[in-house]
Amino acid sequence: MLKLSKLAAAVALVVATSAAMAGEVEVLHYWTSGGEAKSVAELKKIMQAKGHTWKDFAVAGGGGDNAATVLKSRVVSGNPPAAAQIKGPAIQEWASEGVLANLDATAKAEKWDNLLPGVVADVMKYKGNYVAAPVNVHRVNWMWANAAVLKKAGVSGAPKTWDEFFAAADKVKKAGLIAVAHGGQNWQDFTTFESVVLGVGGAKFYNDALIKLDPKALTSDTMKKSLETFRKIKSYTDPASPGRDWNLATAMVIQEKAAFQFMGDWAKGEFSAAGKVPGKDYICAAAPGTANAYTFNVDSFAMFKLKDAGAQKAQGDLAASIMGTEFQEVFNLNKGSIPVRLNMSMAKFDDCAKLSSKDFVDTAKTGGLVPSVAHGMAIKPAAEGAIKDAVSQFWNDDKISIASGLANIAKAAATK
Amino acid sequence: MKSLENIIPKLVIAPGLVLGFAFIYGFMVWNGVLSVTASRMLPSYDEFVGLEQYVRLWEMDRWRLALKNLGIFSVLYVGGSMALGMGLAIFLDQKVRLEGVLRTVYLYPMALSFIVTGTAWKWMLNPSLGLEKLMHDLGWASFSFDWLVQSDTAIYCVVIAGIWQSAGFAMALSLAGLRGIDDSIIKAAQMDGASLPRIYWRIILPILRPVVFSTVLVLSHLSIKSFDLVMALTAGGPGYASDVPATFMYVMSFTRGQIGLGAASATMMLATVAAIVVPYLYSELRTKPHER
Chain A
1 MLKLSKLAAA
11 VALVVATSAA
21 MAGEVEVLHY
31 WTSGGEAKSV
41 AELKKIMQAK
51 GHTWKDFAVA
61 GGGGDNAATV
71 LKSRVVSGNP
81 PAAAQIKGPA
91 IQEWASEGVL
101 ANLDATAKAE
111 KWDNLLPGVV
121 ADVMKYKGNY
131 VAAPVNVHRV
141 NWMWANAAVL
151 KKAGVSGAPK
161 TWDEFFAAAD
171 KVKKAGLIAV
181 AHGGQNWQDF
191 TTFESVVLGV
201 GGAKFYNDAL
211 IKLDPKALTS
221 DTMKKSLETF
231 RKIKSYTDPA
241 SPGRDWNLAT
251 AMVIQEKAAF
261 QFMGDWAKGE
271 FSAAGKVPGK
281 DYICAAAPGT
291 ANAYTFNVDS
301 FAMFKLKDAG
311 AQKAQGDLAA
321 SIMGTEFQEV
331 FNLNKGSIPV
341 RLNMSMAKFD
351 DCAKLSSKDF
361 VDTAKTGGLV
371 PSVAHGMAIK
381 PAAEGAIKDA
391 VSQFWNDDKI
401 SIASGLANIA
411 KAAATK
Chain B
1 MKSLENIIPK
11 LVIAPGLVLG
21 FAFIYGFMVW
31 NGVLSVTASR
41 MLPSYDEFVG
51 LEQYVRLWEM
61 DRWRLALKNL
71 GIFSVLYVGG
81 SMALGMGLAI
91 FLDQKVRLEG
101 VLRTVYLYPM
111 ALSFIVTGTA
121 WKWMLNPSLG
131 LEKLMHDLGW
141 ASFSFDWLVQ
151 SDTAIYCVVI
161 AGIWQSAGFA
171 MALSLAGLRG
181 IDDSIIKAAQ
191 MDGASLPRIY
201 WRIILPILRP
211 VVFSTVLVLS
221 HLSIKSFDLV
231 MALTAGGPGY
241 ASDVPATFMY
251 VMSFTRGQIG
261 LGAASATMML
271 ATVAAIVVPY
281 LYSELRTKPH
291 ER
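Line order of the protein sequences matches chains A and B. Note that the working numbering gives residue 269 to position 269 of the first sequence, counting from 1, and the numbers run on in steps of one. Note that the working numbering gives residue 113 to position 113 of the second sequence, counting from 1, and the numbers run on in steps of one.
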């Protein structure tokens, strides 16, 4: 009897120690489409190699809106996942609720401060402490073009200014094709809008108007010109665009039905999946006038405070793995984005990613690196939503004059 | 023994009553409390802001547009479903052949969820996929029906899909009412030389008043809480042109991190429903004693 209880104690001890060394990480994310799911599977493999148990918690749909709703209910009920895909100012909002874990120990050991550009590191920190691990960098101010369509319409190369762009778009229209493939959802409207503002006004104006929300900048002549350009683009879209998903718009460019699309570099995944080659079948270029600027959209994982020691260890390992070179390379090759870690070899990446990486490093020095508003990187959700509403309304309703469009946006920016 | 007999029914009812109070009235009160706090991403009760959320709500163009859309939708949806349903019921009541089949055909849309209806109509009304493309393919090049993608007409597409779904329900109720009318009344009217339209207008419709009333009540509360149909059909777009209060509430509370504002809009919706239901309940409860 005594022996048996000893044995049981020994077993319990073994179980307990192994539990202390390896833990379970439950990861809430919304990467469910083909390339994205593959990318997450890589992270799972790395974590399993370190002896941790991966519990996948994928919530599809709504660009993360659904995942955010699920996350809220889990946190409120006192049962948060180990890590969740949260980005931008939402990280600070969660941190201010006091539910995020401090990652400084991992960050220090891995020297994150040297590996990340300052603007990106700031997004990951709350009151100077790291609370989230960045995964990748998407460039948002891209313009995608189908080379065959441009050739057919007699356009040579990607237009560099908005004037050149409209000249090219006219030629495409004359050739009987759709000039701009657009999906009419408010974030897509805004993706186009912020590229226009950046192209018309430059990085400094973008910062004043869309990030600092300075009323003077928002009602300035530069903004007026941006709105005029924005509305002009609409006349080159097809009437069936409202409600269309972004990937369907990309498909129009791939299938030679349309010439251009303004979309972040996740669109590249669609081109690759269709077997298209950058530079030959399609062209990736910065949106007109924005070659010296870079709107970034950084995905990240925030870690929640957990009591279990094994789970805490697993969180640290997860954070370190996310920033590790192995994961950064494999993940971003699959996803179409570029590594957030500076000074990584880009040898395996394609030309678009190389250009993106070069511009990322350059603009980080010149100050042209700005957060994307359309993708929730810059301003609080309330104001962001209100501005998106105003911009979408302006885009969709041609009866709204430029002057009242300006007034509506400025009013929305004052939302607290 | 007697006391046990008294207690048992109360014991049986009690759990349901408690649950009902907790999960219906309890949550209503909770929502009301949230609407006077400054809650943003998560509920917080530290800061009491009075009616500030309501003030903000009524200052928002989007909320006012949502209310206007609700007005358009409710009136046309309830009126259209009623009129079409009643018309169909009257035709089916003419002892037509295959009545059973026809009745089922009209009633089937009711068996679908609003999500299915919304998605199917989204495809049909989309200019580059549905009706407009079909007409163009058939050679009618000038045909144009792009209500779904125009800001000022999108809400009418929601009305069309809603009526398609609910007219059968109104028809079934009206038909049941029509069947309950004694034939001798109609025969007597015919003997007096009344024309058929006149019989319907002056005799049958007034008899059907209670049926009409309950149909309107059911349809109008469906229209106030309409959410799934709008989400599936237009997702509130283009822009937010076809937003209704329920979609507004969802967006504010769950995607914009404005729980206080969302709660305020939910309270306004509750008030709207109450404005319809309370007078009805009041009149029901008042007439009961007379009938006894």
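No wet-lab data here; the hints were simulated from the structure. Since we're looking at a predicted model, the values are computed, not measured. Do not rely on the hints blindly, as some may be mistaken.
[As the list claims (entries may be wrong)] EDC-like, lysine to aspartate or glutamate: derived pairs with alpha carbons at most 16 Å apart: (1) A:LYS416 / B:GLU52; (2) B:LYS133 / A:ASP238; (3) A:LYS411 / B:ASP152.
Hints, one by one, checked against the model:
A threshold of 16 Å between alpha carbons decides the hint, and for LYS416 (chain A) with GLU52 (chain B) the separation of about 12 Å falls inside it, so the pair holds. Of the supplied pair hints, the one linking LYS133 (chain B) and ASP238 (chain A) holds, its CA atoms being roughly 13 Å apart against a limit of 16 Å. Pair hint LYS411 (chain A) plus ASP152 (chain B) does not hold up; C-alpha atoms about 22 Å apart against a cutoff of 16 Å.
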